[in-house]
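For what it's worth, the UniProt record's numbering labels the leading residue of the sequence shown as 1, then goes sequentially.
There could be a bad hint or two in this list.
20 Å max Cα-Cα, derived SDA-like pairs, lysine to any residue [unchecked claim]:
#1 K17 x G72
#2 K230 x R132
#3 K178 x R49
#4 K178 x L163
#5 K178 x L107
#6 K178 x P94
#7 K178 x T90
Derived Cβ-Cβ restraints for the label pairs, each shown as a range [to be verified]:
#8 Q156 x L14: 42 to 52 Å
#9 K3 x V246: 45 to 55 Å
#10 W242 x G136: 38 to 48 Å
By construction, these hints were calculated from the structure, which means they are not laboratory data. In this text, a Cβ means the ideal position worked out from N, Cα and C, and glycines have one as well.
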Amino acid sequence: MSKKQTLVCVVKHLKLKNRGLRESMAEAMGTFILVVFITGSSMQLVLSRQTTPLQAYIGGSIGVMLAFYMCGGVSGGCFNPAVSLAVCLTGRRPWTMFPWHVVGQMLGAFVAATVVYSVYTDALDRYDGGNRVLLGVNGTAGIFTSFPQEYLSTSQAFGDSALATGLLIVCALSVVDKRNMNAPAWFYPICIGLTVLAIVCGFGLNAGATINPAKDLAPRLFILIAGWGKEAFSFRGYNWFWIPVVAPLVGTVLATFIYWLFIEHHWPEEESVGVTSDTKELRFAEKCEPSAIELTSVTPEVGIINSSFVTEK
Numbered sequence: 001m002s003k004k005q006t007l008v009c010v011v012k013h014l015k016l017k018n019r020g021l022r023e024s025m026a027e028a029m030g031t032f033i034l035v036v037f038i039t040g041s042s043m044q045l046v047l048s049r050q051t052t053p054l055q056a057y058i059g060g061s062i063g064v065m066l067a068f069y070m071c072g073g074v075s076g077g078c079f080n081p082a083v084s085l086a087v088c089l090t091g092r093r094p095w096t097m098f099p100w101h102v103v104g105q106m107l108g109a110f111v112a113a114t115v116v117y118s119v120y121t122d123a124l125d126r127y128d129g130g131n132r133v134l135l136g137v138n139g140t141a142g143i144f145t146s147f148p149q150e151y152l153s154t155s156q157a158f159g160d161s162a163l164a165t166g167l168l169i170v171c172a173l174s175v176v177d178k179r180n181m182n183a184p185a186w187f188y189p190i191c192i193g194l195t196v197l198a199i200v201c202g203f204g205l206n207a208g209a210t211i212n213p214a215k216d217l218a219p220r221l222f223i224l225i226a227g228w229g230k231e232a233f234s235f236r237g238y239n240w241f242w243i244p245v246v247a248p249l250v251g252t253v254l255a256t257f258i259y260w261l262f263i264e265h266h267w268p269e270e271e272s273v274g275v276t277s278d279t280k281e282l283r284f285a286e287k288c289e290p291s292a293i294e295l296t297s298v299t300p301e302v303g304i305i306n307s308s309f310v311t312e313k
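The whole structure should be built from the sequences, with the hints applied where relevant.
What follows is the structure, given as structure tokens:
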């Protein structure tokens, strides 16, 4: 076998056939892009001692758009365990994909935090003298993960995170719902990115708008081993780190139910997804000529169309 044939054979075997692995890798790549932009923007904000976070907000929101374009066609563009939970709850992805998504998202976020830290190590040393501290004048842990304002109580922190995530989920579901405004797929990333920008502008004060458990937990694990120490988790007597992980999932469940209750459940049957022009002609024929009932053999194809819209973007 020649070298060229060997190379072709190797490349061919590198192609993944397992759907779970494909989606996990796509989510890892999308989350990496997202967290690199968010963390890089935060790094610029903190290390340059700027006081206006708008630059970081815009950079992070553009990161959301680019991450969506990166992996949307493969995994649905979740790059957030809360969003993955929502698409599973609504049937757009099978539940077997949920753990694959979370693993990929955690891996992508951890690697992104590592890469940004590696690029900015010299700048961090200049900023804090090589002494890594969580908070205070020279605190830098907030670049990578979230910490609340001193005044913020546990209950209000939980509500803040659940509400912010719920807004993201409700808006995202409305955008991808084909029976709603029927936005084109290429427009999804722009809508979601602007939604995230609105959320961080409106709910960033208390704790930075904690709407992504993977983006919060994976970098927190990184700073635990990168010099900031166990206080990354023991902060407030271990009564903070779990909130940005649990609250977004609770907010997702509530938001998914609310969208279903107020919007999705009430679409008229004739406007449901998967009703094609052929199906409409068939229904018209059945009304005009009852004897044409044999044409209903086409009906199972409508079910396939419905299923494809539900399970895939």
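Contradicted hints - numbers only: 3, 4, 5 and 10
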